[in-house]
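Enquirer: Listed below, chain by chain, are the residues.
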Amino acid sequence: MKHGALVGLLLLAALCAFPLGVDAYWLRLGTTMLMYGVLAMSWNFIGGMAGYPSFASAAFFGLGAYTGAVAQKYGLSVFVAWSLAGAVAALFAAALGFALLRLRGHYFAIASLVVAEVLREIVNSATNLTGGGMGLNLPVPQMASITDQARFFYYTMLGVAALAFGAVLLTQRSRLGFGLRCIRQNESAADMLGVNTTLYKVNAFILSGVFVGIAGAVYASWVHYIEPPDVFDVLYSIKPIVMVLLGGAGTLFGPLIGAALFLSLEELVWRNYISVHTGVLGLLIVLLVLFLPKGVLAFRVRRT
Amino acid sequence: MTALLQLSGASRHFGGLKAVSGVDLSVDRGEVIGLIGPNGAGKTTLVNLITGVHPATAGTVRFAGEDVTRQSPWQAARRGIARTFQIVQPFPEMTVLENVAAAALFAGGAAYGERAEAAALEHLRFVGLADVAGKRATTLTLAMRKRLELAKGLAMNPKLLLLDEVNAGLHSTEIDQALTLIRAIATRGVTILIIEHLMKVVLNLCSRIVVLHHGELIASGDPQSIIRDQRVIQAYLGRRYADASH
Numbered sequence: 000m001k002h003g004a005l006v007g008l009l010l011l012a013a014l015c016a017f018p019l020g021v022d023a024y025w026l027r028l029g030t031t032m033l034m035y036g037v038l039a040m041s042w043n044f045i046g047g048m049a050g051y052p053s054f055a056s057a058a059f060f061g062l063g064a065y066t067g068a069v070a071q072k073y074g075l076s077v078f079v080a081w082s083l084a085g086a087v088a089a090l091f092a093a094a095l096g097f098a099l100l101r102l103r104g105h106y107f108a109i110a111s112l113v114v115a116e117v118l119r120e121i122v123n124s125a126t127n128l129t130g131g132g133m134g135l136n137l138p139v140p141q142m143a144s145i146t147d148q149a150r151f152f153y154y155t156m157l158g159v160a161a162l163a164f165g166a167v168l169l170t171q172r173s174r175l176g177f178g179l180r181c182i183r184q185n186e187s188a189a190d191m192l193g194v195n196t197t198l199y200k201v202n203a204f205i206l207s208g209v210f211v212g213i214a215g216a217v218y219a220s221w222v223h224y225i226e227p228p229d230v231f232d233v234l235y236s237i238k239p240i241v242m243v244l245l246g247g248a249g250t251l252f253g254p255l256i257g258a259a260l261f262l263s264l265e266e267l268v269w270r271n272y273i274s275v276h277t278g279v280l281g282l283l284i285v286l287l288v289l290f291l292p293k294g295v296l297a298f299r300v301r302r303t
Numbered sequence: 000m001t002a003l004l005q006l007s008g009a010s011r012h013f014g015g016l017k018a019v020s021g022v023d024l025s026v027d028r029g030e031v032i033g034l035i036g037p038n039g040a041g042k043t044t045l046v047n048l049i050t051g052v053h054p055a056t057a058g059t060v061r062f063a064g065e066d067v068t069r070q071s072p073w074q075a076a077r078r079g080i081a082r083t084f085q086i087v088q089p090f091p092e093m094t095v096l097e098n099v100a101a102a103a104l105f106a107g108g109a110a111y112g113e114r115a116e117a118a119a120l121e122h123l124r125f126v127g128l129a130d131v132a133g134k135r136a137t138t139l140t141l142a143m144r145k146r147l148e149l150a151k152g153l154a155m156n157p158k159l160l161l162l163d164e165v166n167a168g169l170h171s172t173e174i175d176q177a178l179t180l181i182r183a184i185a186t187r188g189v190t191i192l193i194i195e196h197l198m199k200v201v202l203n204l205c206s207r208i209v210v211l212h213h214g215e216l217i218a219s220g221d222p223q224s225i226i227r228d229q230r231v232i233q234a235y236l237g238r239r240y241a242d243a244s245h
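So the sequence lines, in the order shown, correspond to chains X and E.
So for the first sequence, numbering that gives the first Met the number 0 puts the first residue at 0; every next one is plus one.
So for the second sequence, numbering that gives the first Met the number 0 puts the first residue at 0; every next one is plus one.
Everything labelled a hint here was simulated from the structure, so no lab data went into it.
Ideal placement from N, C-alpha and C gives every residue a C-beta, glycine not left out.
All the pointers check out, no bait thrown in.
For the chain X half of the interface with chain E, some residues (derived, Cβ under 8 Å), not all of them:
#	residue
1	173
2	178
3	185
4	194
Here are some chain E residues pointing at chain X (derived, C-beta under 7 Å):
#	residue
5	72
6	73
7	76
8	77
9	88
10	90
11	91
12	101
13	102
14	106
Using the sequences and the hints given, assemble the complete structure.
Expert: What follows is the structure, given as structure tokens:
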């Protein structure tokens, strides 16, 4: 998309204005959407651009949440803790990437799925540091009102989303993005053409981890309390994938559109069909994937 | 003059199968050399061994004076060893231009963006594909895809070009066009190792021919002596015909 940066800026302006005059319910929904927007955009680096189906999002999310929480427990300020969470997630992704990205396709998917479970067990047993199964409380930021607090976390999540969006934009217009497209379409041929495939995939994996780590830390501060089953929930790995596939894999706006669409559906279905909401939601996803296999953005492409 | 490519005792075994065994081969700069042999002789394995896809299990490969036995394919590409595939491998969702631009960018040293695309367009003009630069690579005919492979190979700015059956599946007019192209590439000073089944092509292009049989190099020499070589005739047609031709 040629005017991606411009559309992105307009979207950012609209999202900045959103909290003016909405109540706490909408602020919470908006913050959740932005958080999943970050997760979906991040998955797009490894899953959409490089074509590697990663299930490691939950690992990065939980790792970021616990890094942020533990850092604050030891007295670091909230912004330092969030940055540290991003750095730890990036380093973890780099180490994990060099080990896992030698595997292709399904093997990589299975291996990445296990990572969150392993981290969850480690966090569970490192009781001194993490509180284990008891969870960890985080300091509540001192603000004038509950609404101010909600706004603060909304804008923080918006900032993280803007960073992730900028990274997607830069990647798509660079050597890295081009190399990842080559890898997705034919990895052996890319190798033959001089693409250092392992390095490129590891870079994509790092990009898919760093913003999720930060989002996890911000989430931890936002909800004040985290425990292993919450932040290492496998749904943090699965939902972003569904969102990207809904919106359009490998595209600039697909993940954001997918995240908004998925959460709107989830919210509507949950409100109206509380007893059968997971069933209805599952059916909707199956229908969408069946009839829009390339995501809703494919509509636009077909028309022009 | 030092050799551009030097194989010493190069071998590649897959389990108990000796696909390539103890090959000594030296290719000089500017040479156009033909590699022939019956099906399953190990020709493609030899190319894979040179480009690092399946590195040698024994022996050494030297390129431009450097030991490259253990290199990865992407390192081979950046060092100036380009190859085309017997079965063509374009990036299906990219245009013809993008396919060649990828080669120019990652192996040919062109900068990202317009530079790489300009270089790519130049190579497409050279192989006669400039008209279809904006089309998807998958829409091309087989002959065009083979030429696309050539353009990709050239965009990598190679010192050594390995052509793996670029003429297989083409009809005679298309083969003549391909011959003209390969000759034009050779006059640019690119060293070429050409794997070919069609004797017409090899006899036309090559100053030297080497013959591979059961993974071993059984003959090396100028085209005229190779087609009279008893071991070569035996390898292709069997002992009976070789004896009968006496």
